[in-house]
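Once you've looked at the hints, dock chains B and C against the given chain A.
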Amino acid sequence: MSIAEDKILRTEELTLNMGPQHPSTHGVYRAILVLDGEYVQNMENVIGYLHRGMEKLAEARTYPQFLPYTDRLDYAAAMLNELGYVQAVEKLMGVELPERAEFIRIIMAELQRIASHLVMIGSFALDLGGFTPWMYCFRDREKILDLFEMVAGARMTPAYMRVGGVMEDLNQEFIPELKKFIDSMPASFEEYDNIVTGNEIFIARTKGVGVLTAEKALAYGVTGPNLRAAGVDYDLRKVTPYGIYEKFDFDIPVFYNGDSFDRFVIRIEEMKQSLRILEQAIENLPGGPIQAKIPKVIRPPKGEIYHQIEGSKGLLGYFIASDGSNKPYRIHIHGPSFVNLGALPEMCTGLMVQDVVTTIASIDFILGEVDR
Amino acid sequence: MDKTISLDEIITLLTEKYEGYLVKVEDSLDAAIRVKDHLFFQVAKELKDEHGLDFLTDLTAIDLEEGNYRGIYHLMSWKPYRLLRIEVDVSGEEPWLPSITELWPAADVQEREAFDMFGIIYDGHPNLTRILLSEDFEGHPLRKNYITKSRRK
Amino acid sequence: MENFFVNISGALRNWFTGMGLSTMAVESIMTLIFLVTIIVFVLVNVIYLVYLERKLSAYIQQRLGPNRVGPRGLFQTVLDVLKLLGKEDVIPNAADKWVFIVASLLVMVPAIMAFAIVPFGLGMIAVDLNIGIFYFIAVSSTGVIAFLMAGWGSNNKYSLFGSMRSVAQMVSYELPIVFSLLGIIMMTGSLKISDIMAAQKTIWFVVLQPIAFLIYFIASTAELNRQPFDLPEGEQELIAGPLTEYSGMRYALFFLAEYTNMIAVSAIAATLFLGGPQGPWLPSWLWFMIKVYVMIGAYMWIRWTFPRIRIDHLMAFNWKFLVPLSLANVLLTGIGLEVYKWLQTIRW
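In the order they appear, the protein sequences are chains A, B and C.
Here this note's numbering is used: the first sequence runs in plain steps of one and ends on residue 372.
Here this note's numbering is used: the second sequence runs in plain steps of one and ends on residue 153.
Here this note's numbering is used: the third sequence runs in plain steps of one and ends on residue 348.
Just so you know, these hints were derived from the structure itself, not from any lab.
Built from N, CA and C at the ideal position, the CB exists for glycine as well.
Do not rely on the hints blindly, as some may be mistaken.
What the hints assert, rightly or not - Facing chain A, a subset of chain C residues (Cβ under 10 Å, in silico):
1) Gln62
2) Arg63
3) Lys157
4) Phe161
5) Arg165
6) Pro228
7) Leu231
8) Glu258
9) Thr305
10) Phe306
11) Pro307
12) Ile309
13) Arg310
14) Thr333
15) Arg347
To be verified - Restricting the straight-line Cα-Cα distance to at most 25 Å, the calculated cross-link-like pairs of lysine-lysine (DSS-like) are:
16) A/Lys302 to B/Lys144
17) A/Lys216 to B/Lys144
18) B/Lys24 to B/Lys48
19) B/Lys149 to A/Lys56
20) B/Lys36 to A/Lys302
21) B/Lys79 to A/Lys247
22) A/Lys216 to A/Lys56
Excised from the complex, chain A in its bound form (with noise of 0.2 Å):
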């Protein structure tokens, strides 16, 4: 007995790097973790690798200059980037935009958050290993892109809208082909059901993975689809609308598992109530001027201003420190997927490593807007 005891076998920790360079670490991310056989007894995170010094090139541009840094920060969702900074600017210098403007912004930012939510439902059925998922969804977001680009020139980085409402106006042909893309989203959503949501190896790999409990989330500030499936119906559109969300008549979907599984049909759900927001404002479109009447350069009184959006990945704030000159004093930009990555190693504690790829693959961040 007592040789046995001597003789306990000694395994090993062992500590894998999923480096920057991975098929399904979204970006540049890198993840240090200590394994004990499969299962995970520690994570840590390495981020940084896209770091572009986006706040210290803010205080050598222009505001107008500034916009289309924005977009690079959450590359899969453009629009959104660039709504939260012109509101905030407008905020600092007490702007009123026309009604039209402001129902363009709307179909821009709600189109924006579909396709965002599209990357994420195929980059995350990809990581599972479902090739065919991930081909139908970019499929779909090729329309979206294709609306980008008729308005704006230009597919994932528009630089569409300006301090005072957008660009351009629309043209004759984007709204008979926005119909189009709506009507033919049902029959997507019926796809995705069969091949991805109602698949068992899908529900197994996903259900009661990397579970984030509502007490959790609100310490780590994590906002956006990840709070809402832990059970908390946070939506900053309902509850402080900013624009004319107020006008629109949407619902906030809600999980309560806080797992993996939620943290993807919640997606799918908000995708399908962006688009009655859509549907709402082509109806109501109202015609008039896309831009209000302010001064060529722009020159936003002394303050501070601290404006957020609800993005596609959670709150998008902007902070705006204004000294009186054309170029700002100070931005600085929360991003909503840096905070998210900071609650991931204690989601990630006592997986296994494909768990691992599947909790980092819900939580749905872009290296632009944690690395700024």
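Relative to the frame of chain A, chains B and C by itself:
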């Protein structure tokens, strides 16, 4: 914990309680208060526990030049929606602020970023290391005296 | 038409005997010719299969797939192989050289050996062993060694992970395969391939043993390391598992081996469950090809539809579901055979 009192009432309460150490920021578009660094942790705790501003939505800093820095904190309650900014002035070559990771784990990564960019030491932070820049980077880029050299020839 | 290949081999045999060689020498030469023919046949099919997989996956995913090289992209694989041949052969410094190199060669061997007992048509079995099926099972089990060597020899944590998963998976899923084939063997009473073919003249075994067919299909997908069981090469998690460090032709060998295995497994399924090279009107070897490609099409369809299964689900599924089910199938087959015999006696 009372979530029904408005921001103005909170500010009045606090300015009276911490007379001389906490002031309301005038001419500000957002509701904002400025507090001394040695009382900041206490005020933050009070706002969280007693007045219902229990969500930390942003944590950053700003360089006011000549060695003065200001920590900027945004506390929020969702329902009803109230957003309050807290400003804390510090100064020196290695400015010092108390860490609030104990109250909000969300502050962990954001304080590391502020340390990385400004060099503010957050006392009580579990792992205050650079987060966005590499470990051997020298200097704190968002300080106004950090001049980025153009490499254009 | 039907006896085209049989006639050719007969003619060759006569030619060699006519040259005055002893029967043993003639037999050896004929076996050699069979070997070369099989290898060529298999390689040509594999090259076509790589193309077929890409086209099939493309159409399922609503895109076109390769369509530039040659008519409808048919020469794509040929050019890919040429490209791979031209790549630098990178062997990591810290790798165990011998193990690393031999693993890539070893992976093809069991795959090709399995074709010795495959009936390409009536009278077209290379070696009609009287332990046919047993030989097939034995040979296909040795494929695991190559994966283990690949993972170990790469000296890379990801590869080791992948190869350990691979060994666990392949060894575990052997059992359901064997037990599902056991039902067939019980019904035929012989391990010989030609006997099994003869027993299916009136009715295919897939009708009599549907559960065994399903079990075989699922378990063989796991043996082949194809989705939904492709954990060893879990692209999104382990890059390419045991194959991470391989480049150029060695990498290609692993893939060719996978497709060769797929053809072998499909051929066995077609022979044991779908009646083999028998059918009306068309020559037997054409029937064989059709049935094999039907099975291959099914494997590919499943691959591009399902996500990947997790390692603990994989093991649980095997030991708690497939193995008991296949044992139950054997039991039912045994009972069924006894009942059948008893029915035969009372009818007289």
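Each hint, compared with the structure:
1. Gln62: At about 6 Å, which falls below the 10 Å cut-off, the nearest Cβ of chain A leaves the hint on C/Gln62 intact, so it holds.
2. Arg63: 7 Å, holds
3. Lys157: OK, holds: C/Lys157 within 10 Å of chain A, min 6 Å.
4. Phe161: 8 Å, holds
5. Arg165: Result: holds, 9 Å to nearest chain A Cβ.
6. Pro228: 6 Å, holds
7. Leu231: For C/Leu231, the interface hint holds, since the closest Cβ of chain A sits about 8 Å away, which is under 10 Å.
8. Glu258: 16 Å, violated
9. Thr305: 6 Å, holds
10. Phe306: 6 Å, holds
11. Pro307: 4 Å, holds
12. Ile309: At 5 Å from the nearest chain A Cβ, C/Ile309 passes the 10 Å test, so the hint holds.
13. Arg310: Nearest chain A Cβ about 5 Å off; hint holds.
14. Thr333: 28 Å, violated
15. Arg347: 45 Å, violated
16. A/Lys302 to B/Lys144: 18 Å, holds
17. A/Lys216 to B/Lys144: 36 Å, violated
18. B/Lys24 to B/Lys48: 18 Å, holds
19. B/Lys149 to A/Lys56: 12 Å, holds
20. B/Lys36 to A/Lys302: Between B/Lys36 and A/Lys302 the Cα gap is close to 23 Å, so the pair holds against 25 Å.
21. B/Lys79 to A/Lys247: The hint holds at about 20 Å.
22. A/Lys216 to A/Lys56: 32 Å, violated
Checked against the numbered hints above, the structure violates hints 8, 14, 15, 17, 22; every other hint is satisfied.
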